[in-house]
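Trainee: Here are the chains, one letter per residue:
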Amino acid sequence: MGVPKNKREWLGLIQPDLLMNLTLRDLRSKYKRSVLGWTWSVFNPLVAVVVYSAVFSIFLRIEPSVGDPSGLNSYAVFLLVTLLPWQFHVTSLTEANRSITANSSLVTKIFFPRWVLPTSAVLARFLTLIVEMLVLLVLIALWEGHIAFQWIPVVAALMILQLLFTIGLALMISAANVYFRDIQHFLMVALQPWMFLTPILYPLNLVPADKEFLGISYRTLYQLNPMVSWTKAYRNVLYDLRFPSLERWLAILSATFVVLYLGFKVFNRLEPRMAEEV
Amino acid sequence: MGETSNAITVEGLGKKFRLMQDRNWTLKATLLAGHRTRYEEFWALRDVSFEIPTGETFGIVGGNGSGKSTLLKVLAGILRADEGSAVARGRLSALLELGAGFHPELTGRENVYLNGSILGFTSREIRNLFDDIVEFAELEQFIDEPVRNYSSGMYMRLGFSVAIHVEPEILLVDEILAVGDLTFQKRCLDRFARLRDEGRTIVVVSHDLDMIGRLCDSSVWINKGELASVGSSSSVLEDFISHDENSDVNVSDQSHQLRLKPDDLVKSLELVDVNGHSMSSTASGQPALIRVRYDADKAGEPVTVALGLYRADGTHVSSINSGATTSAGNDVGVIEVDYEMSSLPVQSGTYEISIALHSRDMTKVFERHTHLFRFEVDPVAGSHQTGLVALGGNWSAKNVDKGN
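For the protein sequence lines, the chains are L and E, in the order given.
Anchor point for the first sequence: position 135 equals 135 in the numbering used here, and the numbering is continuous, going up by one each time.
If you count the second sequence from 1, you need to add 278 to reach the numbering used here.
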């Protein structure tokens, strides 16, 4: 596969129509034959916000950091601006992970580029994230009276980078899951601690910087988790109303492209035998 | 480029599978076993080479498990060759399973777009072809219904229609013409004929030797993963059939197993040769006997046996009924009824026998089994007959010139 030379080759490489039709299939079939349909997709974040706010803000009395320079001090907003991207992360990976095994009839009967399966699963979830984030912007405006709309391009950039990062991860795990079905169990186990090791429910400054493990501070170790960078960046933009630091951007960009590159590498490596193993 | 261009070139092709007795579906097992995961290797195809010239209709024959479907999947790009190569030149479409990838909850319309794009169409191309696709499938009224409400025939028709409208330069077909009703099958065949006339290359895998003989210019016979014969269809089929007759391993054992339950009236239905041996295949023009056993005690009154002979595509060949001849004097216990033919009067193909047990006055049906028994009729090697029936006549010639 060389670098595409013209529009036709680019289209052959990116498969826009196939991606769109598979994404639409995922979206359309998801809530077919359910009475509440699309409203279900709102309940999940809603319930999470209520429960987490009660437990972490009221019972455990976690103080959200005060928005700087916005001056915001609301646990619900503090939580939501990172919880929605996190839930996108979790559900995309779970759904993308089974996308190849669940479509085995396609994989064994028709020749088509298989990477579109996990990718469209992530894309379908990404479209819901867009809607959720727009609703969130409106809610912030209503509750806190501050308008975050001028930050939309920055949020969009973060979201697109997160999309690419997630696609990279999804390619790796979905391909591996064809050969080892325990990837899906591993994923369930891994996502839970991953969430608690990401500053979604609490501010980053609760992670001690003065305690060390093997000579490296806890906070430095903690920040090796790429999701910390996204979480902080989303919170900077939507809660603090501040442009994320250059370091954050560099961390995000490098994580995105390394993972996306590895994702395609791993996927191409595992693709040839997929039809017989699935 | 040479003077003749080949649509498909297969060179030294080999495909191996891992036999899964010891398959590790878990990471733990793999980690424990280290790199030496134990599995048996099995070559489904080995050292297969042939060429298919552009515009030719080409058949692939072989027994069950011979590797012919694997070959088709390698040609389609679904499986990757482990040795050698299979190169296809031109836009390729494979009809391996009609409607593969249809989503039951989506409407016919949505599935046409989905399936079309999986087969490599852009949305714009599908929009242009949409009306043709729906018209060919005869589903205008139902196109906005979810396909889970479709009958299997409707499902197949839509799947076929999408696949055939891809306008492939090379079309791979795996045993799918046995579906749909007769008129639809006819239209499928017409469509194949049209593609052929347009100079497209068609590769067909089938058990229906008769169809291969009629449709295909040349063929290849794959036996146990190896190329056994390649060349003109008539010579390849002759090789295949003569080998099949000599081999003790019967090709399809499940095909003639009866779906009878212990408490059915009909106990057995067999095709028997002159020596009284049961068989699942025979040749056109050979003597044959259909033997039925039924439980006369359970019937409680004299029975008339009616047999129906059908081709696998549903064509009704003949129906016969025993009238009152099936009385063995005292109708108790298990009665055996034979229908003897001195020469089986049908051409090669796959046939099915249906049976019904009636009361003598034909007013009651005790039991009916449709398509109960399936058997193959092989063409007679070297014979030049086609059509439905084997007339069984003899040619003769004499000189009638008076001036002699």
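Treat the hints with caution; some may be incorrect.
Keeping only pairs whose Cα atoms sit at most 20 Å apart, straight-line, the calculated EDC-like set for lysine to aspartate or glutamate is [stated by the list, open to error]:
id: 1; chain 1: E; residue 1: Lys294; chain 2: E; residue 2: Glu334
id: 2; chain 1: E; residue 1: Lys502; chain 2: L; residue 2: Glu132
id: 3; chain 1: L; residue 1: Lys30; chain 2: E; residue 2: Glu383
id: 4; chain 1: E; residue 1: Lys576; chain 2: E; residue 2: Glu645
id: 5; chain 1: L; residue 1: Lys32; chain 2: E; residue 2: Glu383
id: 6; chain 1: L; residue 1: Lys32; chain 2: E; residue 2: Glu645
id: 7; chain 1: L; residue 1: Lys30; chain 2: E; residue 2: Asp573
Keep in mind that the hints were calculated from the coordinates and are not lab data.
Trainee: Against the 20 Å threshold, does the CA-CA distance of Lys30 (chain L) and Glu383 (chain E) hold or violate the hint?
Mentor: Holds, because 9 Å separates the two Cα atoms, which is no more than 20 Å.
Trainee: Given the hint that Lys32 (chain L) pairs with Glu645 (chain E), does the C-alpha gap stay at or below 20 Å?
Mentor: violated (43 Å)
Trainee: Within a Cα-Cα threshold of 20 Å, do Lys294 (chain E) and Glu334 (chain E) meet the stated pairing?
Mentor: Roughly 28 Å between the alpha carbons, so the hint for Lys294 (chain E) and Glu334 (chain E) is violated.
Trainee: Straight-line Cα separation of Lys32 (chain L) and Glu383 (chain E) no greater than 20 Å?
Mentor: With Cα atoms ~7 Å apart, Lys32 (chain L) and Glu383 (chain E) stay inside 20 Å; holds.
Trainee: Sort out whether Asp573 (chain E) lies within 20 Å of Lys30 (chain L), counting only the CA atoms.
Mentor: violated (54 Å)
Trainee: Run the distance test for Lys502 (chain E) versus Glu132 (chain L): straight-line Cα separation, threshold 20 Å.
Mentor: violated (57 Å)
Trainee: Does the alpha-carbon distance linking Lys576 (chain E) and Glu645 (chain E) stay inside the 20 Å limit?
Mentor: holds (11 Å)
Hint compliance for this structure: hints 1, 2, 6, 7 are not met, and every other hint is.
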